[in-house]
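Trainee: Here is what each chain is made of, one letter per residue.
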Amino acid sequence: MKTSVAEIADLVGGKVIGDKTISITGLSGIRQANPGDLTFVASDRYRPYVNETKASAVLAPLDIKEAPEPVSLIQVTNPYDAFLRVLQRFQPSPLSHPTGIHPTAIVDDTVKLGKNVAIDAHVRIASGCVIGDNAVLYAGAYVGRGSLIGPDTVIHPNATIREEVRIGARCIIHSGAVIGADGFGFTSDREGHTKIPQVGGVIIGDDVEIGANSAVDRATFGQTIIGNGTKIDNLVQIGHNVQIGEHCVISGNAGIAGSTILGRFVTVAAGAGIAGHIEVGDGVTVGGFAGVTKSVPAGKTVSGFPAVDHLVERRLKAGIRQVPDALKRIREMEQRIHELEERINGTSENDR
Amino acid sequence: MKTSVAEIADLVGGKVIGDKTISITGLSGIRQANPGDLTFVASDRYRPYVNETKASAVLAPLDIKEAPEPVSLIQVTNPYDAFLRVLQRFQPSPLSHPTGIHPTAIVDDTVKLGKNVAIDAHVRIASGCVIGDNAVLYAGAYVGRGSLIGPDTVIHPNATIREEVRIGARCIIHSGAVIGADGFGFTSDREGHTKIPQVGGVIIGDDVEIGANSAVDRATFGQTIIGNGTKIDNLVQIGHNVQIGEHCVISGNAGIAGSTILGRFVTVAAGAGIAGHIEVGDGVTVGGFAGVTKSVPAGKTVSGFPAVDHLVERRLKAGIRQVPDALKRIREMEQRIHELEERINGTSENDR
Amino acid sequence: MKTSVAEIADLVGGKVIGDKTISITGLSGIRQANPGDLTFVASDRYRPYVNETKASAVLAPLDIKEAPEPVSLIQVTNPYDAFLRVLQRFQPSPLSHPTGIHPTAIVDDTVKLGKNVAIDAHVRIASGCVIGDNAVLYAGAYVGRGSLIGPDTVIHPNATIREEVRIGARCIIHSGAVIGADGFGFTSDREGHTKIPQVGGVIIGDDVEIGANSAVDRATFGQTIIGNGTKIDNLVQIGHNVQIGEHCVISGNAGIAGSTILGRFVTVAAGAGIAGHIEVGDGVTVGGFAGVTKSVPAGKTVSGFPAVDHLVERRLKAGIRQVPDALKRIREMEQRIHELEERINGTSENDR
Numbered sequence: 006m007k008t009s010v011a012e013i014a015d016l017v018g019g020k021v022i023g024d025k026t027i028s029i030t031g032l033s034g035i036r037q038a039n040p041g042d043l044t045f046v047a048s049d050r051y052r053p054y055v056n057e058t059k060a061s062a063v064l065a066p067l068d069i070k071e072a073p074e075p076v077s078l079i080q081v082t083n084p085y086d087a088f089l090r091v092l093q094r095f096q097p098s099p100l101s102h103p104t105g106i107h108p109t110a111i112v113d114d115t116v117k118l119g120k121n122v123a124i125d126a127h128v129r130i131a132s133g134c135v136i137g138d139n140a141v142l143y144a145g146a147y148v149g150r151g152s153l154i155g156p157d158t159v160i161h162p163n164a165t166i167r168e169e170v171r172i173g174a175r176c177i178i179h180s181g182a183v184i185g186a187d188g189f190g191f192t193s194d195r196e197g198h199t200k201i202p203q204v205g206g207v208i209i210g211d212d213v214e215i216g217a218n219s220a221v222d223r224a225t226f227g228q229t230i231i232g233n234g235t236k237i238d239n240l241v242q243i244g245h246n247v248q249i250g251e252h253c254v255i256s257g258n259a260g261i262a263g264s265t266i267l268g269r270f271v272t273v274a275a276g277a278g279i280a281g282h283i284e285v286g287d288g289v290t291v292g293g294f295a296g297v298t299k300s301v302p303a304g305k306t307v308s309g310f311p312a313v314d315h316l317v318e319r320r321l322k323a324g325i326r327q328v329p330d331a332l333k334r335i336r337e338m339e340q341r342i343h344e345l346e347e348r349i350n351g352t353s354e355n356d357r
Numbered sequence: 006m007k008t009s010v011a012e013i014a015d016l017v018g019g020k021v022i023g024d025k026t027i028s029i030t031g032l033s034g035i036r037q038a039n040p041g042d043l044t045f046v047a048s049d050r051y052r053p054y055v056n057e058t059k060a061s062a063v064l065a066p067l068d069i070k071e072a073p074e075p076v077s078l079i080q081v082t083n084p085y086d087a088f089l090r091v092l093q094r095f096q097p098s099p100l101s102h103p104t105g106i107h108p109t110a111i112v113d114d115t116v117k118l119g120k121n122v123a124i125d126a127h128v129r130i131a132s133g134c135v136i137g138d139n140a141v142l143y144a145g146a147y148v149g150r151g152s153l154i155g156p157d158t159v160i161h162p163n164a165t166i167r168e169e170v171r172i173g174a175r176c177i178i179h180s181g182a183v184i185g186a187d188g189f190g191f192t193s194d195r196e197g198h199t200k201i202p203q204v205g206g207v208i209i210g211d212d213v214e215i216g217a218n219s220a221v222d223r224a225t226f227g228q229t230i231i232g233n234g235t236k237i238d239n240l241v242q243i244g245h246n247v248q249i250g251e252h253c254v255i256s257g258n259a260g261i262a263g264s265t266i267l268g269r270f271v272t273v274a275a276g277a278g279i280a281g282h283i284e285v286g287d288g289v290t291v292g293g294f295a296g297v298t299k300s301v302p303a304g305k306t307v308s309g310f311p312a313v314d315h316l317v318e319r320r321l322k323a324g325i326r327q328v329p330d331a332l333k334r335i336r337e338m339e340q341r342i343h344e345l346e347e348r349i350n351g352t353s354e355n356d357r
Numbered sequence: 006m007k008t009s010v011a012e013i014a015d016l017v018g019g020k021v022i023g024d025k026t027i028s029i030t031g032l033s034g035i036r037q038a039n040p041g042d043l044t045f046v047a048s049d050r051y052r053p054y055v056n057e058t059k060a061s062a063v064l065a066p067l068d069i070k071e072a073p074e075p076v077s078l079i080q081v082t083n084p085y086d087a088f089l090r091v092l093q094r095f096q097p098s099p100l101s102h103p104t105g106i107h108p109t110a111i112v113d114d115t116v117k118l119g120k121n122v123a124i125d126a127h128v129r130i131a132s133g134c135v136i137g138d139n140a141v142l143y144a145g146a147y148v149g150r151g152s153l154i155g156p157d158t159v160i161h162p163n164a165t166i167r168e169e170v171r172i173g174a175r176c177i178i179h180s181g182a183v184i185g186a187d188g189f190g191f192t193s194d195r196e197g198h199t200k201i202p203q204v205g206g207v208i209i210g211d212d213v214e215i216g217a218n219s220a221v222d223r224a225t226f227g228q229t230i231i232g233n234g235t236k237i238d239n240l241v242q243i244g245h246n247v248q249i250g251e252h253c254v255i256s257g258n259a260g261i262a263g264s265t266i267l268g269r270f271v272t273v274a275a276g277a278g279i280a281g282h283i284e285v286g287d288g289v290t291v292g293g294f295a296g297v298t299k300s301v302p303a304g305k306t307v308s309g310f311p312a313v314d315h316l317v318e319r320r321l322k323a324g325i326r327q328v329p330d331a332l333k334r335i336r337e338m339e340q341r342i343h344e345l346e347e348r349i350n351g352t353s354e355n356d357r
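Residue numbers (the working numbering), protein chains in the order written: chain A, 6 to 357; chain B, 6 to 357; chain C, 6 to 357.
So here's chain A without its partners, still in its complex pose:
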C-alpha cells in the first residue's frame, strides 16, 4: 500500500495532530509496527505504547492529544473501526478462491451443482448432494451422500462434511473441520460397549463460521442444529443432538456435550465445557475454562467449575486466596480460646 496520513484521515473522518504528509506503506499492531506503518489504540491496555511505537501514524481516541515526534496522531471516535476501514480499503484479502471444476475433483453424477460453483483439485462429492450457487470447495474437501451446501458458502481445504448434513448460505467451514461424524453413544454392559447407530443429521444455518479442526457430531436421531449467524472457533467439540441458537460465539477448545440446548446470543469463552442434557438461556456468557453442569437461565454470566454466577465465583476465588491466612488465624484463635478457658477455669477455681 502507498498512501499518506492526510488521505487516511480523510477516509476515516479523523483529525490529524502532527505531519499530514507522512507516507504510509503498511498496517501493523502498535507493538510490532515499523516506520511507514499505520497503527491504532483500541483499548486502554495499549495506550502506553503510543509513546514507544515505531509506527509513523496512530489512529487514536479523541482524548489522546499528543505523541512523541515523529509520530502523527489521527484522532477518531472509534480507532478500531477506523483501522478496519483502512484495512478493507488498502489490504487485499489473501484469499483468491479457485474457479471452475478441477478435472481431478470427483463429483458423483447425481450431484446438483448451482451456478458458478468452484470445486478445486481432489474434492470428492458423493451421491445426491446439492451445491448452491457460488459455493467454493477447496482442495481435498469431502461432502458425503445427500448433503446440501448453501449458496456462497466456502469449504476450506481438507474439511469434511459427512452424510446428510445441511449447511446454509454464506457459511465458512475451515480446514480440518468435521461436520457430521457419529455422535458418541453406546449401550454398555459387563461385556463392553455396543454402538448406538447415529442416524440423525446436522443442520447448520446461514452465516455460520466453523473453525479449523472443530467437530460437530451428527444426531443420534433428529438433528444437531447450529443457528444462523453463530461463530465457532478452532478445536471446538459439539456433541450429538446439541442445539445452538442464533448468533452465539463459541471460542477455541470449548466443548458442548450431547443434547444440550443453547439459546440465542450465548457466548462461550475459550476452554469452557458444557455438560449434556442441559439448557443455557439466551444471552448467557460462560467464562473461560468454566465447566457448566446445570442449566443456566437467560442473561446470566457464569464461571468456575462447577460454574456458578460469576460474582459468586469471584467471591469464592477471593475467599480461597484468604484460606492460608484464615487457617493461621484459626490456629491463633484456638490458642487464645484455650488461654481464655484456662484463665476462666483458673479464675473459677480460685473463686471457689
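Be a bit skeptical, because a hint or two may be false.
[To be verified] Once the Cα atoms are required to be at most 20 Å apart in a straight line, the calculated PhoX-like pairs of lysine-lysine come out as:
| id | chain 1 | residue 1 | chain 2 | residue 2 |
| --- | --- | --- | --- | --- |
| 1 | A | K322 | C | K299 |
| 2 | B | K322 | A | K322 |
| 3 | C | K322 | B | K322 |
| 4 | B | K59 | B | K7 |
| 5 | A | K333 | A | K305 |
| 6 | C | K7 | C | K59 |
| 7 | A | K333 | C | K25 |
| 8 | C | K7 | B | K299 |
| 9 | C | K333 | A | K333 |
| 10 | C | K25 | C | K7 |
| 11 | B | K25 | B | K59 |
Just so you know, the hints here were simulated from the structure itself, not pulled from any lab data. All of these numbers come straight from a predicted model, not from anything done at the bench.
Given the coordinates of chain A, work out where chains B and C should sit on it, guided by the hints.
Mentor: Coordinates of chains B and C only, in the frame set by chain A:
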C-alpha cells in the same frame, strides 16, 4: 417411515394406553417432536415433557400411566432400548459405503488387499500395507508404509493412518483422526530442543472407535496400545507409549500424556487430563474436567484437579462454597475473643 | 536388530554387570520388555522394575549395582541418552519419505520448486508458492496461494497450509495441522456478528515442529509468529497475532488466545490456556491445566486458575484441602466462645 402405534407396540413388546391406530411417520427427541413422531422418556429429567410434547406417541416406563390427549403411551420396561429397536428397524443408516477401488486412489503395488475392500477417490496407501477383507477407506484417507487395517474396519474421509500402525477388525476411525503421528519427545539444553526419534508404532485392537480429529501418537519405541472395544470420542489426545486396556470410554477433549497405562473398563469424562507415566486401574472413573496427577487404584472414582477420591472432592467443593461465610465468622469470632479477653483482663484487673 | 550386551556396552561406553554374551534382538520400555529386549532406567520412578523386568539387559545408572538373574546390567552415567544412541543405531525410522513429484499432485504452474523436492499423491499447491530444496509434502497436503515452505521441511499427510504462510527450514508439520486459518474476530451488535477480515499471515521459523490437528491462525493484519526451534504438540490452538519466541515447548490440548506474546524458552504444559493480549516472559513455565489471565514476568513458574506463582498455588491447594476440617474447627470454636461468654456473663451476673 410409515407405521402405527400398534405395530410399534408389537415390535417392542409394549402396552398401549390411548389410540393404537395413530400413524407414526418419524422419530424424535421429546422436546423437538412434532405430530406424527414417536418419542421416548429415558430419564427422570425428561418426564415432565410428557405433558408438553407434540409427539403422537411416547415410549414410557411402566409407572407413567397417562399422557394428555391425543398422545398415545406405549409402556415398556426400558424405553431407550425400545426406541433404539424402533430406530434400527425404521431409520436407515445415512451411510452407504463406497464399493470397489476408485481409479483415482493411489495404492502402492506392494499393498495386499483383502476381499471386497472398498477404496474411494483420492485415497493413498503407501508400500507394504495390508488391508483386511471388507475394509472401507473413504475419500482422502491416508495409510502410511507398513500399516495394517483389519477386516470390516471403516476409515472415514480425510483420516490419516501413519506408518507401521496396526488397526484391528471392525474398527471405526473418524474423519480427521490422526493415528501414529510422532510422540512429543525432545532432549533439551540451553541451545534448544533436539528431537528424539519416534520409531515405535501404534497397535489398535478390535472394535475400537476413534473420534473425529483425535490423535493417537506413535511410541518413541515399542508401541502405543489401544485395547479391544475401547471407544474414544472427538478431539482426544493420546500420547506416545500410552497403553489403554479393553473396553475403556474416553470422552471429548480429554488428553492422556505419554507412557501412562489405563486398565480395562476405565471411563474418562469430557475434558479430563491424565498425567504421564502413571497407572489408572481397572474400572476407574475419571470425572469431567479432572486432572489426574497420580496413579489411581482399580475401582475408584476421582475428580477435581489434582484429582482425588470423588467424595473427598465433593466435600472440598462444598467446603469451598462455605469459605466466604467462614471468613465472616472468623472475623466475628476474633472480635468476640477480643472482647472476652478485654473482659477477663478487665475483670482480672478489677479483681486485683 | 541383532547385537549383544557387549556390543551395546561398547557403543555407549558402559560397564557390564552380568553376562556380556547375551544377544539383544529388540528395544522396549522396562514394563513391556520381553526376553531378548534391551531396556533402561531413566528415572527413580522406574527403578523398582529392574527386579521385575523380563528384559535381557538394562541400561542403568551407576548406583544400580545388581539385577536378578538372568538380567545383565549395563551401567552408564545417563541411561536415557545411552538408550537413544542405541535406538538411533539399531532401529530404523518408520519413515521413508516419498520421492519425486507424483503425477496426481496438482502443482500450479507458477510454483517454484527447489531441488530434490518430494510431492506425493493428491497434494495441491496453489499459485505463487515457493517450495525449498529437499522439502517433502506427503499425500493430501495442501499449500495455499503465495506460501513458502523452507528447505528440508516435511509436511505430513492431510496437513493444510493456507495462503501466505511462511514456514522455515527443517520444520515438521504433522497430519491434520492447519496453519493459517482465519483468526476468530468479529464486531458484534444486537443484529449479530460481522466478520473482521483476516488479512495477515503466519511466519514459522526454522526447526519448528507442529503436532497433529493443531491450529495456528493467521493474523488479522501483520503476522502470527512462531519462533525458531519451538515445538508444539497435538491439538494445540494458537490464536491470531500470537507471537511465540524461540525454543518454546507447548504441550497437547493447550491454547493461546489472540495477540499474546510469549518470550523464549517458555514451557506450556498440557491443557493450559493463556488469555489474549498479555505477555509471558522468557523462561516462564505454565503448569498443566493452568489458566493464565495476566502477564507473567520472565523466569516465573505459574499454575492454577487464575494462574499465580506455583508456590502460592501449592499453598492455596494445601489450604483448600484443610477447609472441611477448618469449618469443623470454626463450629467448635464458636461453641467454645459461646460457652466462655455464658460463663463470663454468668460470672459477671453472679458478681453483681
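Trainee: Against this structure, judge whether each hint is valid.
Mentor: Verification of the hints:
no.	hint	result
1	K322(A) to K299(C)	holds (16 Å)
2	K322(B) to K322(A)	holds (12 Å)
3	K322(C) to K322(B)	holds (12 Å)
4	K59(B) to K7(B)	holds (18 Å)
5	K333(A) to K305(A)	violated (36 Å)
6	K7(C) to K59(C)	holds (18 Å)
7	K333(A) to K25(C)	violated (61 Å)
8	K7(C) to K299(B)	violated (37 Å)
9	K333(C) to K333(A)	holds (15 Å)
10	K25(C) to K7(C)	holds (14 Å)
11	K25(B) to K59(B)	holds (17 Å)
Violated hints, listed in ascending order, are 5, 7 and 8; each of the other numbered hints is respected by the structure.
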